[in-house]
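Residues per chain are reported as follows:
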Amino acid sequence: MLKAADIGKVTVLEFKSAVNTDAAKKISKLLLLPFIGLTLFIFLWHVASQNIDTSLGQFPGPVQVLEQSSVLVDEHFAEREKAEAFYQRQQERNEARLAQDPTYDAKIRDYTGKSTFLDQIWTSLYTVMVGFLIASLIAVPLGVLCGLSQNAYAAINPLIQLFKPVSPLAWLPLVTMVVSALYVTDDPLFSKSFLTSALTVSLCCLWPTLVNTAVGVSGINQDLVNVSRVLTLNKWTHIIKIVLPSSIPMIFTGLRLSLGIGWMVLIAAEMLAQNPGLGKFVWDEFQNGSSESLARIMVAVLVIGMIGFALDRIMLAIQRHVSWDKSVALR
Amino acid sequence: MSIALSLAVGSTITPSSIAADVGWPEKEELKFGFIKLTDMAPLAIAYEKGYFEDEGLYVTLEAQANWKVLLDRVIDGQLDGAHMLAGQPLGATIGFGTKADIITAFSMDLNGNAITVSNDIWKQMKPLVPHENGKPVHPIKADALKPIVEKYQAQGKPFNMGMVFPVSTHNYELRYWLAAGGIHPGYYAPHKGDITGQLQADALLSVTPPPQMPATMEAGTIYGYCVGEPWNQQAVFKGIGVPVVTDYEIWKNNPEKVFGVSKGWADKYPNTHIRVVKAMIRAAMWLDENNNKNRSEAVKILAKSQYVGADYEVIANSMTGTFEYEKGDTRDVPDFNVFFRYNATYPYYSDAIWYLTQMRRWGQISDAKSDDWYKDIAKKVYRPDIYAQAAKALIAEGKAKASEFPEFTNESGFKPAQTHFIDNIVYDGSKPNAYLEQFKIGLKGSQQP
Chain S
1 MLKAADIGKV TVLEFKSAVN TDAAKKISKL LLLPFIGLTL FIFLWHVASQ
51 NIDTSLGQFP GPVQVLEQSS VLVDEHFAER EKAEAFYQRQ QERNEARLAQ
101 DPTYDAKIRD YTGKSTFLDQ IWTSLYTVMV GFLIASLIAV PLGVLCGLSQ
151 NAYAAINPLI QLFKPVSPLA WLPLVTMVVS ALYVTDDPLF SKSFLTSALT
201 VSLCCLWPTL VNTAVGVSGI NQDLVNVSRV LTLNKWTHII KIVLPSSIPM
251 IFTGLRLSLG IGWMVLIAAE MLAQNPGLGK FVWDEFQNGS SESLARIMVA
301 VLVIGMIGFA LDRIMLAIQR HVSWDKSVAL R
Chain G
1 MSIALSLAVG STITPSSIAA DVGWPEKEEL KFGFIKLTDM APLAIAYEKG
51 YFEDEGLYVT LEAQANWKVL LDRVIDGQLD GAHMLAGQPL GATIGFGTKA
101 DIITAFSMDL NGNAITVSND IWKQMKPLVP HENGKPVHPI KADALKPIVE
151 KYQAQGKPFN MGMVFPVSTH NYELRYWLAA GGIHPGYYAP HKGDITGQLQ
201 ADALLSVTPP PQMPATMEAG TIYGYCVGEP WNQQAVFKGI GVPVVTDYEI
251 WKNNPEKVFG VSKGWADKYP NTHIRVVKAM IRAAMWLDEN NNKNRSEAVK
301 ILAKSQYVGA DYEVIANSMT GTFEYEKGDT RDVPDFNVFF RYNATYPYYS
351 DAIWYLTQMR RWGQISDAKS DDWYKDIAKK VYRPDIYAQA AKALIAEGKA
401 KASEFPEFTN ESGFKPAQTH FIDNIVYDGS KPNAYLEQFK IGLKGSQQP
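If you read the protein sequences in the order shown, they are chains S and G. Using UniProt numbering, you'd call the opening residue of the first sequence number 1 and step up by one each time. Using UniProt numbering, you'd call the opening residue of the second sequence number 1 and step up by one each time.
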């Protein structure tokens with residue numbers, strides 16, 4: 001009995017001392033401090049919103065934003081039900097017409113109702129991923145080329161310097177005109193607005209990947225290059241076995257930057273061009289001028305922020321996974 | 001009640017509802033653009049009540065950023081058609097702004113606009129307005145604004161006002177009202193490359209998109225504006241301005257918006273076009289049915305975020321037949337928004353010609369034109385023939401009565417001379433040049449600014 005109690009005491013003590021040291025620091029760093037930061041922010045936001053009066057009513061505080069976010073989710077499910085009914089009616093209508101006109105080529109068209117907030121999130125995510133993929137497919141090979149050959153780098157560098165600082169808002173009119181002029185089909189696979197958004201994202205998020213890849217490739221350890229020479233590896237094997245693996249950390253640094261820029265660019269492009277996505281949602285709400293508009297915009301702002309954060313974390317996780325030097329602190 | 005009910009479930013599928021009287025639609029998936037204003041209602045109603053689907057059309061409605069984007073997208077085919085300012089198809093056809101062949105077979109509504117001034121301007125205007133029983137006597141004329149504009153001019157400050165587009169109804173209404181009160185709103189001179197419309201102006205008019213009007217006025221950039229609803233009532237609700245005159249008082253039952261499509265589109269898809277007009281006529285009928293009985297339901301639909309999206313109360317204020325001037329001064333204006341009665345949906349040539357006369361009056365058309373020219377342009381753009389086909393199909397299907405439409409066989413497309421203008425000038429659409437001669441301010445004959 002006594003022994004058991006002693007053991008109990010010891011463990012409690014040990015636990016306490018453990019709490020007081022490492023684990024405590026970890027917990028406070030991981031949870032407590034962010035929690036304090038967030039609470040403080042929400043409190044300040046709440047106070048500030050009480051004191052800002054706009055022509056659309058009071059600036060939305062945390063409570064209104066929470067309310068509107070649940071309204072937006074409800075709207076999504078209500079719209080899904082309407083879509084069900086729409087497909088049902090369409091089917092019946094098609095059958096009725098087929099009965100009258102057997103030559104009719106009946107097809108099921110997409111729901112024509114409004115895109116809800118959740119639909120818009122999906123559209124934006126999909127668009128940014130496609131734009132980012134296009135950019136990466138161009139930037140990585142081009143970056144490798146620039147890193148391997150001084151001449152190629154000298155030729156391409158002026159272009160990089162010239163186009164890197166260009167804002168998406170400047171590219172957008174050009175991309176829009178080119179897409180609408182060149183992409184002419186009767187049964188388009190993608191909508192023009194999707195292509196415009198995706199290409200604008202590509203144009204803007206090409207550069208960090210390109211520059212970082214070039215720097216990564218040109219900075220390969222000379223020992224590795226020498227090994228490759230000794231083994232007389234041909235060009236392709238050299239690139240695949242030596243160049244790519246050793247420059248992967250830098251490539252990913254570039255990709256991470258690119259994705260961050262792409263996400264910001266996309267929202268701006270959607271707002272400006274009225275292309276579907278979160279940017280359009282924000283602009284539409286602003287145009288509505290309803291007393292709930294500002295709260296709904298605030299929901300979108302927070303979601304845009306959270307998605308941007310999540311995308312960055314995902315890229316970071318991939319970067320950690322592929323990086324061979326685990327000692328480098330990545331944040 | 002039974003009519004309302006059968007309309008409410010208008011999507012009940014019977015073979016006749018997609019009958020081939022008009023011929024099957026050549027294109028079934030359509031995208032129409034609109035601007036967030038209450039007069040886009042026929043589009044929203046035709047969609048929500050299933051009238052488009054009854055015609056075998058699957059329509060997507062898409063809000064557009066501004067009138068220019070909307071017109072450009074109709075021209076380049078991204079949109080199949082759109083809610084347009086009545087002046088847009090005409091302006092495009094004569095090449096003021098973008099040049100393109102746009103036609104209309106459906107007029108969307110009558111009235112629906114107002115002119116609002118900021119609180120500060122109203123404070124200065126109010127003592128100059130005649131009063132009765134403590135309330136201002138309507139219509140308020142621009143005579144009351146004139147001394148204020150002169151004061152600004154004497155101080156060397158420009159008197160800025162907003163309208164929504166150079167060929168907008170609002171531009172012409174604001175100009176009409178100002179000029180009737182002796183304030184010169186300025187000329188356009190496209191032959192000299194001047195398309196700002198501010199030559200010789202007392203009041204400087206500039207373009208501001210409708211939803212941004214109240215905010216722009218609140219910021220002090222403009223002192224007043226002419227715009228459609230809900231942006232005048234919004235100013236009242238927010239306490240930032242006072243609507244002084246509605247367009248109903250400037251010109252009783254004036255034509256406002258039209259449904260425009262490009263000529264190429266109409267030629268390529270004639271059956272689709274007729275079916276679209278059919279659905280929209282039904283929507284307009286529903287909106288005006290039983291003395292506006294359906295209006296509160298219509299307001300609920302318009303208040304949805306994908307359509308106008310403003311608060312129910314703000315939209316309801318004008319849509320249900322009242323209009324609030326100065327805060328608390330609510331008056332009955334049963335015809336503030338007319339969608340079907342008085343043949344509102346029929347595309348009259350004389351309506352088109354009125355817009356052309358105003359384009360000439362303010363210099364957007366820089367040279368003198370013959371009366372026949374006005375008629376020819378009107379006939380090129382306004383297409384009552386297509387409207388008549390749609391209306392006849394509806395009559396045949398028992399969805400409308402012949403008595404609700406003009407008599408198509410005798411209809412000349414010209415309304416009898418119209419008298420209800422704020423300056424008492426009479427408008428006869430068959431004599432545009434003689435009409436222009438009557439104005440004190442404005443170009444006439446072969447004058448150029």
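Incorrect hints may have been included.
[Stated by the list, open to error] Listed next, with one range per pair, are the computed distances between beta-carbon atoms:
1. Leu199/G / Leu44/S: 49 to 59 Å
2. Phe77/S / Gly134/G: 47 to 57 Å
3. Thr320/G / Lys82/S: 17 to 27 Å
4. Gln155/G / Leu38/S: 30 to 40 Å
5. Thr221/G / Gln150/S: 50 to 60 Å
6. Val73/S / Phe408/G: 45 to 55 Å
7. Asp76/G / Thr103/S: 26 to 36 Å
[What the hints assert, rightly or not] Dumping the calculated DSSO-like pairs for lysine-lysine here, alpha-carbon to alpha-carbon at most 30 Å:
8. Lys263/G / Lys82/S
9. Lys123/G / Lys114/S
10. Lys82/S / Lys304/G
11. Lys68/G / Lys151/G
12. Lys192/S / Lys135/G
13. Lys401/G / Lys293/G
14. Lys27/G / Lys192/S
15. Lys192/G / Lys380/G
16. Lys293/G / Lys192/S
17. Lys107/S / Lys401/G
18. Lys380/G / Lys82/S
19. Lys135/G / Lys123/G
20. Lys114/S / Lys263/G
21. Lys192/S / Lys107/S
22. Lys31/G / Lys82/S
23. Lys293/G / Lys392/G
Hint data in this document are derived by calculation from the structure and do not stem from the laboratory. For clarity, every value in this text was computed on a predicted model and none was experimentally measured. Virtual Cβ for every residue (Gly too), placed ideally from N, Cα, C.
Taking the hints in turn, this is what the structure says about them:
1. Leu199/G / Leu44/S: 49 to 59 Å: holds (52 Å)
2. Phe77/S / Gly134/G: 47 to 57 Å: holds (52 Å)
3. Thr320/G / Lys82/S: 17 to 27 Å: About 26 Å separates the Cβ atoms of Thr320/G and Lys82/S, which means 17 to 27 Å holds.
4. Gln155/G / Leu38/S: 30 to 40 Å: violated (53 Å)
5. Thr221/G / Gln150/S: 50 to 60 Å: holds (55 Å)
6. Val73/S / Phe408/G: 45 to 55 Å: holds (51 Å)
7. Asp76/G / Thr103/S: 26 to 36 Å: holds (32 Å)
8. Lys263/G / Lys82/S: violated (34 Å)
9. Lys123/G / Lys114/S: Measuring from Cα to Cα gives roughly 43 Å; hence the hint is violated.
10. Lys82/S / Lys304/G: OK: Lys82/S and Lys304/G at ~14 Å, within 30 Å.
11. Lys68/G / Lys151/G: violated (35 Å)
12. Lys192/S / Lys135/G: Violated, at about 55 Å.
13. Lys401/G / Lys293/G: Holds, at about 19 Å.
14. Lys27/G / Lys192/S: holds (19 Å)
15. Lys192/G / Lys380/G: holds (27 Å)
16. Lys293/G / Lys192/S: Not satisfied, since the Cα-Cα distance of roughly 41 Å exceeds 30 Å.
17. Lys107/S / Lys401/G: Violated, at roughly 34 Å.
18. Lys380/G / Lys82/S: Violated - the C-alpha atoms of Lys82/S and Lys380/G are around 41 Å apart, more than 30 Å.
19. Lys135/G / Lys123/G: holds (14 Å)
20. Lys114/S / Lys263/G: Cα-Cα ~28 Å, so holds.
21. Lys192/S / Lys107/S: holds (22 Å)
22. Lys31/G / Lys82/S: holds (19 Å)
23. Lys293/G / Lys392/G: Distance ~25 Å between Lys293/G and Lys392/G Cα, so the pair holds.
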